[in-house]
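**Q** Residue numbers (our numbering), protein chains in the order written: chain C, 112 to 275; chain W, 580 to 977.
Rather than coming from a laboratory, the hints here were simulated on the basis of the structure.
No more than 25 angstroms apart at the CA atoms, straight line, and that leaves these computed lysine to aspartate or glutamate pairs for DMTMM-like:
hint, chain 1, residue 1, chain 2, residue 2
1, C, Lys-258, W, Asp-797
2, C, Lys-258, W, Glu-584
3, C, Lys-249, W, Asp-583
4, C, Lys-249, W, Glu-591
5, C, Lys-258, W, Asp-798
6, C, Lys-258, W, Asp-583
7, W, Lys-745, W, Asp-719
8, W, Lys-745, W, Asp-804
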Amino acid sequence: VREPDGFGEFVAANSRALLRAAWLLTGDWAAAEDLVQTALAAAWPRWTTINNPASYVHRVMTTTYLRWQRRRWTGEIATGAVPEREAGPDDPESRRVLLDALATLPRQQRAAVVLRYFADLSEADTAAALGCSVGAVKSHTSRAVAKLRSLPVVAALLEDEVST
Amino acid sequence: MSVDERLADWLEQTTPEPPHPIAVADVAARVQRRRRRWQPLLAAACVLLLAAIALVVATRPTKHDAAPPSHRTSEHPRPTPTSPTPTTSTTSAQAPKLPIRPWAARIKSTWRTPGELTSNGTSLYLTTFTSGHISIYRLDTRSGYALDEYQPRGSVVDEVAFGEGKVWIAVKAKRSVHVEGLDPITLDSRERLPPVPISAGGFVSLAIAGTRIYLAIDDRVSAFDTVTRSVARVYVVHTPHRISGLAVRGDRVYVGTGAGEGSGDLLTYDSSTGDLLNTVPNLGAISAITATNGGLWVTTSSGMSAEVTFNERFVQPGGGGIEPTVGVFGNTAWLGGTGNIQCADADTGVVRARASTQTREASEFFTDLVVASGHVFARTGGSGNMYIVELHPPAACR
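Same shape as in the complex, but just chain C:
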């Protein structure tokens, strides 16, 4: 199969951001990689007709994530290699707090938080990705934020950030 023009450049430029967003959704690097690869593979055949590739890939990622249910099989295994350890600043405790907090949210709310506050998508793009109205995005995000702030450990973290 021939790689569409600009696809490789897009992947190189956005791979990190997409993987990190997928990790926030799934809490798991293997699943995150599967999610991103699934979205990119869906975008591949339509690449030349997509106006906003980033928005499109986020949309596919989100709808795929929302379809996924608790399964023992988490999807295709992207590579034979299992990452031994995660790269980047080693702060497993704060990551655990983050994932635990996100896990308290329903999937739509979790996706809305990741798309709005991490991927920095507009409300309209988030609505398109979630397949709902802008009003519903506002509702999802406000409920999610309220839920997160109700968690003492998250509230303390956010307060810490203010004081520092």
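Given chain C, put chain W in place with the hints provided.
**A** What follows is chain W alone, placed relative to chain C:
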């Protein structure tokens, strides 16, 4: 700084760096596999079209026609049920090879969709889920390919249980879950139990004991009587976590919680009175429980790591996003996972035999070890494919 900005900052600072970037070659390989999946269907459609045209031409009446062609009246044999999902035959020249072959594993069939393997001891079943289409197949234990298929009207088949001469599946449709009883051979839907509401993101667990079918959703377990097809009892589980694992043995109902939440509890109920008998807190996120005469096999997970314990004693690790699995057939517990596979005494947890699935490069996974008609099967994967394999474990496992 607003709350929104603080939250965005927190997400940005805490999210770790990916272990490695996405390789375009991996995406290209997926695209190629997708295309290959459609090619046989397009080819079949072309053949059918040509055949139809040829038939029209052949049957068009002419002045020379004296009698209808006899070959069109002959009876066709019943078409062999096939699945559109499996891809390659293991007997073909291009049969894939496993990087490691624990217990002389041999690929029976190759699938491009993820799924789960189960067995009622006699027949082999595969549940697949992709792109919103859920199917359950009965597989030929000789070839590994599908003999029969059932596609329920719902978004998810989340659990499969066997009992009362049926295959029971939990089907999610919109905001409710119902249980369907299928014929174990034809997979025709024979029975449907009343639906139970489910919250967004709620888990479903299914278990069967005698004439009772137990369906656990959110914070309650509904026990259906298969004779009256109605709810006989509801157990409300008072726990901060949602139910994510369920097992029934004798007069005990075992409930596990916490999948997706990082931590959970194991609760034991009296099935006749509904009384809570015991609570083991903070066991980890429980995703599956299997009860035997000797105790409980429990699968717990945390992040990317997962393990199986027997009576709280570590037995089997998982990893790489794949949970270890336990299948009890007779008095043998078959343990699948990443790094090794094992067979153990189902009632004592004592390991009888073990095989490594570790290659120089990685730990391969072999999960869903099941026994069907005396043969041991498992599923594994690689490069986006899922393989149904037959294992040949040592005699100590039997």
